[in-house]
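Protein chains: 2
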Amino acid sequence: MAAASGEAVKNKQVLFKDYVTGFPKESDMAVVESTIQLKVPEGSSEILLKNLYLSCDPYMRSRMSKNFTAHPSFVPGSPLTGFGVARVLESGNPNFKKGEFVWGLTGWEEYSLISSNQMLFKIEHADVPLSYYTGLLGMPGMTAYAGFHEVASPKKGEKVFISAASGAVGQLVGQFAKLAGCYVVGSAGSKEKVDLLKNKFGFDDAFNYKEEQDLNVALKRCFPDGIDIYYENVGGKLLDAVLLNMKMNGRIPVCGMISQYNLDQHEGVTNLVHIIYKQIRIQGFTVNEYFQLYPKFLGFVLPHIKEGKIVYVEDKAEGLENGPAALVGLYNGCNVGKQVVVVAHE
Amino acid sequence: MAAASGEAVKNKQVLFKDYVTGFPKESDMAVVESTIQLKVPEGSSEILLKNLYLSCDPYMRSRMSKNFTAHPSFVPGSPLTGFGVARVLESGNPNFKKGEFVWGLTGWEEYSLISSNQMLFKIEHADVPLSYYTGLLGMPGMTAYAGFHEVASPKKGEKVFISAASGAVGQLVGQFAKLAGCYVVGSAGSKEKVDLLKNKFGFDDAFNYKEEQDLNVALKRCFPDGIDIYYENVGGKLLDAVLLNMKMNGRIPVCGMISQYNLDQHEGVTNLVHIIYKQIRIQGFTVNEYFQLYPKFLGFVLPHIKEGKIVYVEDKAEGLENGPAALVGLYNGCNVGKQVVVVAHE
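These protein sequence lines map, in sequence, to chains A and B.
If you read the first sequence in UniProt numbering, its first letter stands for residue 1, the second for the next number, and so on.
If you read the second sequence in UniProt numbering, its first letter stands for residue 1, the second for the next number, and so on.
Treat the hints as calculated values from the structure; they're not laboratory data.
No false leads were mixed into what you were given.
One copy or any two copies: either way a pair holds, since identical chains are not told apart in the list.
Keeping only pairs whose Cα atoms sit at most 27 Å apart, straight-line, the calculated BS3-like set for lysine-lysine is:
1. 220 with 66
2. 247 with 66
3. 278 with 25
4. 247 with 278
5. 66 with 278
6. 237 with 25
7. 237 with 278
8. 10 with 98
9. 156 with 220
Isolated chain A (complex conformation):
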């Protein structure tokens, strides 16, 4: 049902209730229905979006905490915000026109009136699934690309290990590493995910970390000569085992530490002395410093998608009302592939 401009319509929203400690729960969010005037106020440069897909990303946990440094906290009583794909319904900004598809920061609601200085990209290539702009062609894709190519500086033949390897970022790092001529192993938390890594994403090897008695033994089995690059998504015990298996001058781009975000007491990592023994570089990064590379990234990745050389697996939750469960599920490893919430089909 298309909404006409200016009409007041119902606007389903996912509200953030209050700051979270420990694991987030569905009840930390509330699905409500408000109304919105489908109009950009006279003279305003705001943009009115109809949201199509919303992205569930691990970093969103940090926005649920109070006074967090790296990202602004969510506002209790207001909708969550995050990356999404949308169609422009009306625009006070001449750079975005009615009917265009965009991706960038939007609200967890059916319609969002967003400020013109929000991060928003026009979608120039709509001959791929639009939901890919929450993943492969959006922030996670850029994160995989920047962390691997810019932070880790891979060389052909190097040995690469990726944790949370079937996730939104990991599955891409693995494929980028294969394209770069590296040997690639991933870890994930179920047989289904491990099968995906080996059979769909072309990893050389993979293991289910939940079924390994000793992570150090698992890594030694996969990397008898050690690891050059560890693309770090999880932290904790796995990082500790990896440190024992790094090669000289190894690099660890730290994309995330999802195993640690919800713990009151973080796991102790005991093998840091290998940083000096092996002259390891550990580099925390976020994608924000790399968005200027987005056109270069698209030029690299779009042909590979069209030739079927890069594939992408998404886990789609249908309906905004299923958004809280999808987001909470991320921290329990429930998703298989990139977790997306489908708000509306176009």
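With chain A fixed as given, assemble chain B onto it according to the hints.
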């Protein structure tokens, strides 16, 4: 008593007895007296050295372990080897001439016949104390310079924290950081060392980590706005507290982790998640990759020494027979300043 060329003379040595686990003890070494022919064999390119000063360096602990990756292990039954200052008695290598002073890798003994492909530098500037070539003008000096200027990339006005700050490397990092226009705080393990930091080396502030109830509180007191650069020499609990206090885009050059070398079970570091929250770079390094900068380093540091703008404190043990105690003392924080063993006065 000068030894004539070709003469067989007594040669006191410090032998490495066997591989060490846990803290090294004096009894892991033995002081013995052998004899040596003061002559370079006919046709050999070896160099015969009379050792003057030997350097006690924290990394030497790793050479006492078996099958260690980063450095070759000491050979049981043979003298320890390490950095030292010596005079050339005879030379089969045309680049080094009889009577010249040199610094580089030598043996823990009175006289050493060393291979021509050992790392050895001619001492061109002898108008400073020769023992400085085990410290300020040698490997520790280059380590301080490379780790601070090359690895940490300091900017004027940045906040710098240094652990083991009165040691061979730390006292120099602090002075280099002051010369670079940084705010500098150091930690050390006694009142005497803290006084040195504040009153002799010009640190802006300093604290005795043994007297602080809570290292996090101590760091917050010294760095209310956080730390840009942590020059890491110790590891463990102090690193954990530092991670809580790092600023965005902070850098941690890892020069060493002396608190961890002798522990069977390393301390767990629990705050690594700040690497991603604050996009921290942690970089293990050794000086070996940076020796090509040595001439540049000398050009920088020699004028400062002559103008009294860089000072250096040494802790000298007199006599090779006191070498084992001096080396073991490093790991108990007994030394005040750079630990040197005086083998002979020239």
